[in-house]
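Protein sequences, first through last, are from chains X and B. For reference, each letter of the first sequence is one residue, going 20 to 287 in the working numbering. For reference, each letter of the second sequence is one residue, going 20 to 287 in the working numbering.
If you are wondering where the hints come from, they were derived from the structure by calculation, not from laboratory data.
Identical copies go unnamed one by one, so any copy, or any two together, can satisfy a pair.
Heads up, simulated DSS-like pairs for lysine-lysine below, C-alpha to C-alpha not over 30 Å straight-line: (1) Lys-33 - Lys-107; (2) Lys-42 - Lys-111; (3) Lys-41 - Lys-111; (4) Lys-45 - Lys-33; (5) Lys-107 - Lys-45.
The model shown is predicted, which means the values in this text are computed figures rather than measured ones.
There are 2 protein chains.
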Amino acid sequence: MPVDITSPSNPLIKRLRSLNDKKTRKVEGLFLAEGLRVCTEALHNGHVPAYLVFGADGEAHPLTTALIAATEAAQGTAVRTDRDILHKLTGKDNPQSVVAAFPIPDTRLAGLDRFAAAMWLVAENLRDPGNLGTMLRTCDATGAGGVILLDQCCDPFSVEAVRASMGALFTRKVVQATGPEFFAWLRDGAGELVGAALEGRTIDYRAHQFTAPSFIMVGNEQAGLPPAYTAECDALLRLPMKGTADSLNVAVAAAVLLYRALGQFEPV
Amino acid sequence: MPVDITSPSNPLIKRLRSLNDKKTRKVEGLFLAEGLRVCTEALHNGHVPAYLVFGADGEAHPLTTALIAATEAAQGTAVRTDRDILHKLTGKDNPQSVVAAFPIPDTRLAGLDRFAAAMWLVAENLRDPGNLGTMLRTCDATGAGGVILLDQCCDPFSVEAVRASMGALFTRKVVQATGPEFFAWLRDGAGELVGAALEGRTIDYRAHQFTAPSFIMVGNEQAGLPPAYTAECDALLRLPMKGTADSLNVAVAAAVLLYRALGQFEPV
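Chain X with its partners taken away, still in its complex shape (with noise of 0.2 Å):
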């Protein structure tokens, strides 16, 4: 049965907004995600709340009364609360009806399927939870494996990542390592490796002939992939840059790659 919280200073709901906080996720191994659609999505795909808060006035909708037969069903704990303290925990004005909390998932390589999927994205150094939300959406697309992020990317799991990735980010795989380990553990089985590069020994994106599992790999928003990380790469792919003004956003670099790759894999 559902907990019932009417106070804001009520301590689980104290807890489950700390979960903002990184540190936080880490200790308790839990990261938030809002939304009926986002949570309905997670648990379709194996994520099951460890708590699940949920607006009393939206308990009856089906998909909500799903969530809460799971969340239990996994010993998870259901609290049935309004709107006041859906606004606190996510700090909307318009908050979702639901908000849950999830074990943050294995993201170790070694724990990670090449053959899993056709292609895979590596993102080094990346930032901005933004375009990491849009990558994994883009990887959902396209039916890329997922993300593998290399060394000091932003944190998959804040809250800023999630709701970018807008349920992606539970369909999709999500790796953290350094580039070191991922080169070496990348070279102990198949798969290319490709950087998205606008210097050195590149070659137009169209010249190149993808070969799955493919890992398409982009740099730093600023600074795009180190030299070092480039030696490592069996093709630098170049995208046409007429423009005078900056380069392309990367999650928008990626994409064009991505849907070429897949229409290599599946032509029209």
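Since the structure of chain X is already known, use the hints to place chain B on it.
Below, chain B without anything else, positioned relative to chain X:
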């Protein structure tokens, strides 16, 4: 000669700060852009600051010198100040060494030369200034002429949009119109209208042969294009969507289509 301002309560500083507000921008006909590189890019594209505020510690930089000279030659005002005031002006902890107020360019459809580029983006009810900035960068990179904003889009001259465009706002054309105005203008001359859509009479985007000038239209982040707008299109293009989560980010979809069109107009 530059004016020296050392007080954050100086009326000119207050007035420039107020350009963070949309209504003030409209009344003043000015908008803010930050950064030596971006302001220089602006100058190279014919945008001369009405006001140029620079940190005294960066005055010796040749690009700063050039900006001061151009501003004063055009009867603008150059202001020498300090880091604290630049911080107040931008709200950033690490302010750029230069902030400038530029005249808002003409965004009327009547001023658009459709033959100035082979491709144009058209965005309907685009809400996120980050998406607009990303789209302008992609236009710059692909040589698309710019973005035609239909109906209730975000303000292209907000600080957020200008920042996200990273200078591309100054190299690309921005037009503001209603849907009916745009359709009437379009059909009064040459050009195809292709819409990004997921449903209806869509074809795989790779099956379309683009014809210049091509107007590539994308819809609102949540709702996509309304039926009345897809009905206006010569073709509706569908990107493969293999996933189960959400649709693609709108700036990503626009970029995949722009790069596809560029690939046809300019083969490898």
